[in-house]
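Residue strings, one per chain:
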Amino acid sequence: MAEIAHTADRRLLARRSPWGELFRKEDWWAIWIGLGLIGVAVALFAGGSSIKWIAVAPQKWSHLSDVTLQLKQHGLQYAALFVLWAVAFGIGAAALGIKISRFLPAFLLVYLAAGALYFLGQWDQAAHYNLEPPLVALGLGLLISNTLGVPRWLDPGMRVEFYIKTGIVLLGAGLPLTLIAWAGPVAIVQAAIVSLATFGAIYFAAIGLGLDRRLAATLGTGGAVCGVSGAIAVGGAVGAKKEHVSVAISLVVVWAIVMIFVLPLVSRALGLSTGVAGAWIGTSEFADAAGLAAAQTYGGYAGSVPGIAGSPDAAVSAFTLMKVIGRDVWIGVWAFVLSLIATTRWERTGVQSKSSAAEIWNRFPKFVLGFLVASAVLTLVTRGFDYAAYKKEVVPALVAPLQAFRTWAFTFAFLSIGLTTRIREFASIGARPFYAFTIGVVVNVILGFVLSTQVFSAFWNRLGQ
Amino acid sequence: MKRADLAAAACRQCKHFQNDAKQVEAALPGLSSLSSAYAAVRCDDGICAVHERYIAASSICPAFEEGYAFA
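These protein sequence lines map, in sequence, to chains A and B.
Take the first sequence: its position 418, counting from 1, is numbered 418 in our numbering, and each next residue is one higher.
Here our numbering runs 1000 ahead of the position in the second sequence, where the first position is 1.
Bound-form chain A, shown alone:
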């Protein structure tokens, strides 16, 4: 008994160490990888060189012979880029407990497929045939995983969140800190209005339909705050039934995937600017990866679809400000408040949870810190350049290569979403949770649309310019 207790204590200490956290959560690995790339890029730039050789990306093409030529000319760079990603993500995966021998073969396939999609997106007829890479990746992935099936050996390489968080940290390098400070408060206000309304709609609809309070809270946070991550954070904080967490996950994933297609389609039909559409997607999508797929798709319409105003990057920028700064960072607060209510006001479950304010930091999505640091670093590095010098020197040598890294990371994620979504494996949802969540979806989409296109439209349009 004493030996077991000693072992338990030792393992408990090991697992609770704040330093251990820095290496056993993918949020931190996304930070190490993203900031590591930015650090090397900045160091090379400061030394008069550039990281652009290895940050290779497909260029616009018209005929397949152009693709062959690009591959011939840059084959070594593509191979080097694979090695770079494989080492970076491989070390991270190994630290998370994923065997590197299982990760690497799977990642090789992900890299090759992502490369093919990246090239497809550069075809000069891609927009004409609606072949936006995020949508193609998702559609193709869903089709394959739900018909032919995806071999299980590919699973270790399809880490949607790992890739998307790394991409978001890199995205910070493209958003000046001044812009975040300027737009952040508006994003927080808009997101707070929609989050509270959506949570209230789902929670009270669920209670009205006779569902368990913990399920209602889990569904509500999944719809209102940050999708599946919100559902598992609050599900754990309030001690929800396991099958209820599964129901919430299934509902969020299904609606998030529907919205990847619907939001850009409706925005395009209405001719929304990229900034406004990005804000709407950021308010009304349920998950970061899904929202970024929708926002990047819409950004791709700028300049290629008549009537879509704003810069291509504005959709992703507005989305990120709204979703990451406006919604994601508050998940710890939601978890703490709901766990407090659950332990003091709701019926007992047989398991006694401990509600603590430490929950706010413990559940904080740490990758956001990397996003902010990346923004601060680039703001600092580029502050001495006027606009002309910035365009001529900084963009090609520093900003564009980091943007290429980001696009690669996002493409890995978009591809992995479809391939990991096996609908037949989802929990049986049941009518009442579906109705409750769908009421929240309707409230969320309408309110998000009104706030983005009417109340704050001037603001989001300015962001796009």
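None of these hints come from the bench; they were simulated from the model.
A hint or two may mislead.
Here are the simulated EDC-like pairs of lysine to aspartate or glutamate, each with C-alpha atoms no more than 20 Å apart in a straight line [to be verified]: (1) Lys-60(A) to Glu-1065(B); (2) Lys-242(A) to Asp-1044(B); (3) Lys-1022(B) to Glu-425(A); (4) Lys-1015(B) to Glu-1065(B); (5) Lys-366(A) to Glu-1065(B); (6) Lys-99(A) to Glu-1025(B).
Given chain A's structure and the hints, the job is docking chain B onto it.
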């Protein structure tokens, strides 16, 4: 450590509690599609086999038995 202390120990030390990231993802289909068991927001939450609940590792309950499900 006294037996009383063990009985009061948190779920993270209990043999009925499973919070290994791989096991959590296997138990909650769809989790890895748009999130992850390796995410910071999950903390050390896991599944209690006795109560069939998804709970925080710091929780406590009378059914506690020392040991690790994945040890």
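So, going through the hints one by one against the coordinates:
no. : hint                       : in the structure
1   : Lys-60(A) to Glu-1065(B)   : violated (62 Å)
2   : Lys-242(A) to Asp-1044(B)  : holds (15 Å)
3   : Lys-1022(B) to Glu-425(A)  : holds (16 Å)
4   : Lys-1015(B) to Glu-1065(B) : holds (6 Å)
5   : Lys-366(A) to Glu-1065(B)  : violated (33 Å)
6   : Lys-99(A) to Glu-1025(B)   : holds (16 Å)
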